[in-house]
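A.B. asks: When you get a sec, could you build the whole thing from the sequences and use the hints?
Protein chains: 4
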Amino acid sequence: MTTIKDSVHDHIEVEGVAAALLDTPPVQRLRRVSQLGTVDLVYPSANHTRFEHSLGVYHIANQALSKLGIGGQNADRIRAAALLHDVGHCPYSHNIESLVHRHTGKYHDEVYELLESSSIAAVLERHDIDPETVAALIAGEGQYGQLVSGELDVDRMDYLVRDAHHTGVPYGTIDHERFVRELRFIDGELVLDAGNVQTAESLLLARALMNRAVYKHPTVQIGRAMLQRATERLLAADATDPETLRRMDDHDLLAALRSCPATTEYARRLDTRTLYKRAVWAELDDVPDELLEMNHERTRALEADVADAADVDTEAVIFDIPGEPSMPESTSRVVVNGEVRTLAGESTLVRALMAAHHDRWRFGVYAPEASVDAVGRATEQVLGLELDALVNDLQLGRPATLDEFTEEGRS
Amino acid sequence: MTTIKDSVHDHIEVEGVAAALLDTPPVQRLRRVSQLGTVDLVYPSANHTRFEHSLGVYHIANQALSKLGIGGQNADRIRAAALLHDVGHCPYSHNIESLVHRHTGKYHDEVYELLESSSIAAVLERHDIDPETVAALIAGEGQYGQLVSGELDVDRMDYLVRDAHHTGVPYGTIDHERFVRELRFIDGELVLDAGNVQTAESLLLARALMNRAVYKHPTVQIGRAMLQRATERLLAADATDPETLRRMDDHDLLAALRSCPATTEYARRLDTRTLYKRAVWAELDDVPDELLEMNHERTRALEADVADAADVDTEAVIFDIPGEPSMPESTSRVVVNGEVRTLAGESTLVRALMAAHHDRWRFGVYAPEASVDAVGRATEQVLGLELDALVNDLQLGRPATLDEFTEEGRS
Amino acid sequence: MTTIKDSVHDHIEVEGVAAALLDTPPVQRLRRVSQLGTVDLVYPSANHTRFEHSLGVYHIANQALSKLGIGGQNADRIRAAALLHDVGHCPYSHNIESLVHRHTGKYHDEVYELLESSSIAAVLERHDIDPETVAALIAGEGQYGQLVSGELDVDRMDYLVRDAHHTGVPYGTIDHERFVRELRFIDGELVLDAGNVQTAESLLLARALMNRAVYKHPTVQIGRAMLQRATERLLAADATDPETLRRMDDHDLLAALRSCPATTEYARRLDTRTLYKRAVWAELDDVPDELLEMNHERTRALEADVADAADVDTEAVIFDIPGEPSMPESTSRVVVNGEVRTLAGESTLVRALMAAHHDRWRFGVYAPEASVDAVGRATEQVLGLELDALVNDLQLGRPATLDEFTEEGRS
Amino acid sequence: MTTIKDSVHDHIEVEGVAAALLDTPPVQRLRRVSQLGTVDLVYPSANHTRFEHSLGVYHIANQALSKLGIGGQNADRIRAAALLHDVGHCPYSHNIESLVHRHTGKYHDEVYELLESSSIAAVLERHDIDPETVAALIAGEGQYGQLVSGELDVDRMDYLVRDAHHTGVPYGTIDHERFVRELRFIDGELVLDAGNVQTAESLLLARALMNRAVYKHPTVQIGRAMLQRATERLLAADATDPETLRRMDDHDLLAALRSCPATTEYARRLDTRTLYKRAVWAELDDVPDELLEMNHERTRALEADVADAADVDTEAVIFDIPGEPSMPESTSRVVVNGEVRTLAGESTLVRALMAAHHDRWRFGVYAPEASVDAVGRATEQVLGLELDALVNDLQLGRPATLDEFTEEGRS
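Chain order of the listed sequences is A, B, C and D.
Mapping of the first sequence onto the numbering used here: residues 353 to 763, in sequence order.
Mapping of the second sequence onto the numbering used here: residues 353 to 763, in sequence order.
Mapping of the third sequence onto the numbering used here: residues 353 to 763, in sequence order.
Mapping of the fourth sequence onto the numbering used here: residues 353 to 763, in sequence order.
Treat the hints with care, as some may be off.
Same chains, same label: a pair holds when it works inside one copy or across any pair of copies.
To be verified - In silico EDC-like pairs for lysine to aspartate or glutamate, Cα to Cα no more than 20 Å straight-line:
#1 K419 with E367
#2 K458 with E484
#3 K568 with E642
#4 K568 with E449
#5 K419 with E365
#6 K419 with D539
No lab work stands behind these hints: they were computed from the structure.
C.D. replies: What follows is the structure, encoded as structure tokens:
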């Protein structure tokens, strides 16, 4: 048995199929895929990787298996799925996932192809584990898939705590041991046992607070949008292809962005933290409905219109249109008075969190500092927006109010 | 300068008037007044004291003074008030405070009498500080009183973090440094600067989660109710008087309870953790309005009626009627778009917390384990309650369902 | 199964005989016996108790049993012994243990009498466990006794980490999980497996650093000496008897010291932290050999002589003569190149620690602040000491030089 | 003022020249230079960077300046030096520093050239700070240079704690606040004030324990040796030049190693953690003296001889010859009895640490797993070694005995 020291869970024991999987190149590659992408632009300590996170998820899965009394082949499959659940991530994880999906039709949790063709396949075969079953677990399918990818999965038990540890933001510090202890299967559904409405609420609260302070910090979003745009141009310039791209690690992608003439300026800006600024930052109710339904091409066309109207280069305008606000954890199931109920049904607090989550949605338009005013005005004009005072403040390009370097940042 | 090592804030520097106050008997007494009273019946590590908390509050006050640019005599007064803010606490802190108030008309933050007559008076005089001003600060009066006792005071910055550290419950872990950095005085009001709605929300969330898991854990409440009742009987038996009582430390009170025949059984039960159980546990909407308005005598009379009806000793029935739910932190003020606003007005989440807080109110009736059923039924009858299934479950003495309300620990 | 939340080990699961033992009055009494006695005079956060420590030791024992593959009745006996290992402690733990031993002939780990006569006996019998076996384990006898009380026992795995957590002194933070993982029985001897010389060294280092900074901090020692002397006088005044004394909790003892006229002044001094100061602080090489061999009566006689010579009350002179320096952990056994060896034999560092430990031995004479000079000079004269400059400095009452020996805190 | 959230020190305030320096490309580059190089091969969480460490050092420097009462221009210079002290590091920090030095004659702390020519120069000039002075401070020159680079510098206050936080190894957790509080300048020398022999010892102990468990873990050393050798071949293949190399970040170097045919196999091995193993692991007394004095060419020649004798490729043999053991912290100065003394002179423990440090020196020869036996035997023969049983064990490929030297992790 191998023991690995982890900064979050202390000692992690790895054996059997998990130990063998750990040594495969696709898993070792996760050492060089950052967990949080551009979050390090705001929280400089956030340099942890998908590799340590995968070990952590494996560790918590192991604890859950023991508490739930799951053993044998099922347990080995779940262990393998836990360790491999992020093996399909592209460089910078979620940061460029939608781009990769547009080109390959694949999200990071669609990994059957990888499991049955790489060095992983040999390991699974040697341990008599079917790659298809593992891929299904990673995709959240079946009863046990809920453990690997669902509203109460071991994935979020690890990442909330790990991201809090590495950013220094305390909000993610949930009591993950309690979660693991209280998990039950009732009629094939993964639920939290009686007495755990607050336990479930604490997970949503942690997630909501981390969202605002970390995952969706405006500066983090700007960095992400720039990285996406740069990678899009890399593909457009044929400097790489989508299939190669999704198997790169962070080093490969950064090296490619630096060396391709079409992206070198973006790379320089990211390397030196010379980021775009917000030209527009508008609430959901202030933007036209069509904005949320626009496809990729239409968005690019509008950006070009705005660039034209502002008399700047096309690459100086980036639209950032988040999807409609959702909060999957609100459907977590808890046992109350002997019945399985959804958390949102039970908790006033969770319903409020969902409303608050909706309030925090923002449409952002980013531009180089010098063009912020022009791009802001041009966007108003092209989209026919009537934006409120705050946005106008932003358009006046006063970077101080953006809290450019602060950990929390106002929106 | 003296440096004191603290398990929460690491090094705390004490000098000047604070160092001199530290050595007075009333402050040294706080070493023997537990911070959380009967919480240790559920969380065995929660043995911290008002002394270390007072040092912590002093420490955070010092940081706030430095950030706010307050110096000179004002600063010294605030430092003294921070260190002395809990000097008026009776043994077991809040646990028997209402009882002491009923007899003396004083709450723990009414300390002028103590400041101007004890060894503290001499220290204050030597440092040219008026005890009346310090007492006013501790009572939350004036602009600077808000720092010592208000919705955004340094008191709660310390206790949430400290109580989390010692109970092992992570929910109280707020980012207290951020609070201190963001405090401002605007038109004499203490507010959080722009960009801090989430900061303020996180304080309420921490408080709300700690309330349920710790401060108002049902077993903690039972212990508290038993300690109150025992102390009430101690006074009734003339084993001590209210003025002596409020200046005791925990050792004195426990020794008195053990040696007085009228209270020795309560003392034995608390010492051996042979606690009463819940005979009734009813929601706000299920109890008659008059229950919230009853005075002390009427409550005792009803308890006697219930005891009669159940055919048990009077001391076997304890009513626990919390005050109407309130949440003072919801009036915290934050700067939003350049204006000072109350948190409750700004935050969907906070309004939901207030609603949820209301939902958690419970009327409890406690009795020795063997009398739980009889007392439960007698209460229904005497009060004319029609309690729902859950309470009936409780009356049937099925302790498993109690877990519905507990976070942790043995009940 | 019961889960208890602990500030050090997070969740501790208690079941079977351990859960039943937990509810007995002798174990509940440990809630009111402080772990570190007078250490809180220097580290105000050090208010943890023997109860939470006992739970922690039980928890680590459980982990060790699982790693060592020990199950069945043996495991239950060891679990019981771990939970009960401190049940024989007198109030303030080690602080007055030697006094109790002088009067009763018993140390805290001689508990057969208690196990076979109290409520514990019934629990053990119900679980078919022989009290004699448990008492033997607690006394460190037999192969498994090494786990409960030996150089590598689970006791010190808990207390070093716990004392660090509560004092705020980082030095005790050993990697206790690694210890538990590396324990092996070889030929009936408990050893650390190969590759663990440094692991073993780290335990000694932690212990040595905690010794100086915490357990043997001069101010802590003065408080301890005063508490011992007060308790001795309490017995002399027939205010209690030794058998009653050793079953008291801290509250009982403090109440007794406060109310007995012969000890009320000591109680006041301890309550208000008006401690004696060092009149003499001499190294091992500077004191006559006979000092280490003197019995109790001879010591008291010499103290009286010194008091006479200094023209002060007898109670104003306290001799503090530690036993000869020893370091039992240095005989810990580790596997090196396939052989079991003692740590001291393997480690240059440990031999140095033993030498350093010897260097830190001090003979202290304590007196009220006003009598420090007189008592210091009288001691030199009575004992015929020729003390070096440092001690003379101390006699001149220059407290700054005291810091040479202190880590933290106010002396 | 900008506040940056750090996972170790929480909030770090940056302003003035430091804030301006933070935005320069050479400082931003440190975001992509790992603090511990190949340590992540053993401790997967150790992904922290020179950037966050530099912020931490700046933060501690700020605290020290305030405690020491240093202000004005001196303070600004020291702040700048603290933030810039690692700006000269090559990719993977110390891992390839000796190689860079061989080619450029420069170590990482010789940065004048960089300070006076890059974007840093403009910032320094704007703040009226002479780059030469800052470079001198970074080189440890002058009275204040001791604060930035000396035996008691702020550099090690940060890295010990930070490396412990990120590896999960507790040994580095020193009480850094205490160090900062106790620093004094006496006759121009930076010393620890009276009462701090143990404080100074704890620093050496932390360093010594971290050395073995982390910095000099055998697997870490193997990874480092492989990275060095690969980079040496990169230069030899003219794929880059030394001046370019030292200004690369980790991404650049890894990309270069992957794409250069002469190094692609090393890159693959590092990427997939297919590391060389130890063929020889010999103590200082077992190797010929000349081994320590050999220059680079002679070493390479001997490696070639060994490869010949073992009938393997030249690149399959790597000699790892550490410099002679030294322990600069042992010359730290502390005030004892009013005099400034060196720590080694005062402390038995430190002298033991120096001896133990000497005992841990090892000469390593590394080879691919399949060639370990052949290379081991060939080395004995070529160097005329007579190695003891242990080394022979290693040559026989019994990995269990390797654990004797490892703390954690897989080798």
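A.B. asks: Is it within, between, both or neither when you check K419 against E365 at 20 Å Cα-Cα?
C.D. replies: Both. Shortest intra-copy (16 Å) and inter-copy (12 Å) distances satisfy the 20 Å Cα cut-off.
A.B. asks: Check K419 against D539 for me: Cα-Cα at most 20 Å, and say if that holds within a copy, between copies, both or neither.
C.D. replies: within (17 Å within a copy, 34 Å between copies)
A.B. asks: Could you place K458 and E484 in one of the four classes (within, between, both, neither) given a Cα distance threshold of 20 Å?
C.D. replies: Close inside one copy (16 Å), not across copies (55 Å); limit 20 Å.
A.B. asks: Cα distance capped at 20 Å. Does K568 pair with E449 within a copy, between copies, both, or neither?
C.D. replies: within (16 Å within a copy, 38 Å between copies)
A.B. asks: Checking an output row: K568 and E642, CA cutoff 20 Å. Within, between, both or neither?
C.D. replies: Answer is neither: 23 Å inside a copy and 49 Å across each miss the 20 Å cutoff.
A.B. asks: Please sort K419 with E367 into within, between, both or neither, judging by C-alpha distance up to 20 Å.
C.D. replies: Intra 19 Å, inter 15 Å, cutoff 20 Å: intra and inter.
When the structure is compared with the earlier hints, a violation turns up for hint 3 alone.
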